[in-house]
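Kindly generate the complete structure, drawing on both the sequences and the hints.
Going down the list, the sequences are from chains A and B.
FYI, our numbering numbers position 106 of the first sequence as 106, with every residue one higher than the one before it.
FYI, our numbering numbers position 91 of the second sequence as 91, with every residue one higher than the one before it.
Heads up, some of the hints might be wrong.
[What the hints assert, rightly or not] The calculated DMTMM-like cross-link candidates involving lysine to aspartate or glutamate, where the alpha carbons are at most 20 Å apart (straight line), are:
{"id": "1", "chain 1": "B", "residue 1": "Lys51", "chain 2": "A", "residue 2": "Glu147"}
{"id": "2", "chain 1": "A", "residue 1": "Lys166", "chain 2": "B", "residue 2": "Glu102"}
{"id": "3", "chain 1": "B", "residue 1": "Lys51", "chain 2": "A", "residue 2": "Glu255"}
[Unchecked claim] From the structure, some residues in chain B lie toward chain A, with a derived Cβ separation under 7 Å:
{"id": "4", "residue": "Leu56"}
{"id": "5", "residue": "Arg75"}
{"id": "6", "residue": "Phe82"}
{"id": "7", "residue": "Pro89"}
{"id": "8", "residue": "Gly100"}
{"id": "9", "residue": "Leu103"}
{"id": "10", "residue": "Tyr131"}
{"id": "11", "residue": "Phe225"}
{"id": "12", "residue": "Phe237"}
{"id": "13", "residue": "Ser245"}
It should be emphasised that the hints constitute simulated quantities derived from the structure, not laboratory data.
Built from N, CA and C at the ideal position, the CB exists for glycine as well.
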Amino acid sequence: MRRHVVTVANALAVFAALLLLWQLILWIFRVPQFMLPSPWAVAKALVARFPSLLQSFAITAEEAVGGILLSIVVGVGVALIFAQSRWVRRMLYPWTLLLQTVPIVAIAPLILMWVGAGTFSVSLIAFIISLAPIIANTTQGLISVDENLVHLFLMHNATSAQLLFKLRLPHAVPSLFVGIRIASGIAVIGAITGELYAGSSSVGRGGLGYAISYAYSQLQTDYLFALVLAATVLGFGFLFLVMFLEWYFLHHWHESARPPDVE
Amino acid sequence: MIAAPMIEIQAVSKRYGKGPAVLETIDLYVSKEEFVTLIGPSGCGKSTVLKLISGLTAPSTGTLRVDGMTAANAREIVSYIFQDATLLPWRTIRQNVGLGLELAGASKKRRSERTDALLELVGLRHVADAYPRELSGGMKMRASIARAMATNPRLLLMDEPFAALDEMSRDRLNEELLRLRAEQKWTGVFVTHSVAEAVFLSTRIIVLAPNPGRIHATFAVDLPFPRTAALRATPAFEQMVAHVSLRLRSALPQ
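Here's what the structure looks like:
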């Protein structure tokens with residue numbers, strides 16, 4: 001408990017120091033407000049436009065969640081196919097790397113063209129960018145089952161469905177969570193990037209990415225900073241949510257999900 | 001009346017791919033209710049014999065029958081205990097012990113009756129709802145034994161099940177294993193590195209020699225049942241251990 005208090009106190013001290021440094025830079029170099037607003041101006045913008053900021057936040061969160069959920073469904077499905085044979089993996093696995101290497105900024109306009117603007121196409125972009133880690137980790141979990149456990153199931157004349165649902169899938173859950181943890185971070189980035197292109201189907205209503213590009217075009221730099229802060233909070237929130245779920249589902253039995261006993 | 005043997009292995013050889021022979025023309029007959037231990041230096045193919053009997057791998061040449069059936073068809077009457085406890089970490093001890101029955105499609109009621117009885121038998125009733133990670137090595141092995149017993153096997157294959165345990169737990173589990181055998185009358189094939197363990201448990205000991213794996217010597221162990229911890233201190237026991245150890249040494253490559 002004491003350790004947590006110290007950790008939080010440290011984090012707050014660093015945050016305060018950064019704010020001070022920021023304010024000092026403004027004073028010393030006399031930076032104009034539209035280039036770099038003061039922390040105070042950002043705070044004021046945050047409070048004044050909180051309802052619309054919250055709305056953008058909710059839209060982006062929804063899009064990212066949609067992308068992640070789709071990634072999990074499709075990713076686990078693909079991993080199940082990959083787990084069937086080494087031959088299938090060798091044939092198809094390199095193609096999943098394509099998902100990771102293709103620049104999302106290049107794909108976004110295409111999605112916009114094919115599917116149209118709006119939350120669905122943004123979710124689609126978040127899905128594309130977050131799919132690869134889920135496939136890779138889940139496949140690894142499915143195929144790394146101890147050989148003796150497979151033998152045990154075979155000795156009991158287990159069907160292939162039993163092997164899958166009672167052995168391989170539960171064994172892959174910790175790896176799936178590693179995949180989701182990685183994917184959750186990049187899905188938020190994907191959603192915001194997507195919104196820059198395909199953000200809004202109606203003027204004035206859009207997610208954080210849309211709001212950021214709009215604030216930028218209006219030179220509302222203080223609000224822009226508030227939006228960036230919100231995007232960061234969203235990313236963190238996602239990560240913590242996934243980590244909580246991971247702990248919730250795995251702490252009974254899996255080493256990684258338990259707090260270390262000694263430090 | 002001559003009882004049909006539980007295991008008949010006739011002129012069986014085993015090689016993996018084009019590699020050297022792991023086992024070379026093995027002949028082995030195990031009668032019902034015998035407890036046969038295979039012992040020998042590393043690379044003598046002890047574990048391969050168990051894999052063959054369980055049907056997890058097929059002989060390259062020769063014939064092998066388990067209770068008159070092919071090894072694969074006989075699986076219903078066979079249970080296998082591995083060197084590790086091989087418990088599923090996401091299941092409680094109770095759920096692990098019930099695994100075999102669950103895979104065979106037994107009803108929930110029958111499953112819980114059987115697992116409760118077995119947990120009682122191996123002294124794990126009090127940790128039935130714990131997860132494997134919370135148990136000691138010896139307790140995990142007990143759970144593994146209970147799981148193997150759950151399907152009422154008539155042949156039990158054990159691949160160095162107690163190798164990873166400290167000597168005290170190992171001795172205790174040896175005694176418990178004999179107690180279970182006296183009650184349930186299964187046939188046992190056991191693999192170990194420990195001569196004392198082999199002598200304590202077996203009715204017959206088979207010493208294997210390596211490169212290629214073959215039968216080097218066979219000993220009938222005439223020590224009377226029931227065998228208890230006190231047996232280990234008797235001259236007859238110590239003599240047998242010394243005797244087998246000597247032959248085992250001669251099986252080692254020079």
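**Item:** Non-conforming hints, listed in increasing numerical order
**Value:** Failing hints, ascending: 3, 11, 12 and 13.
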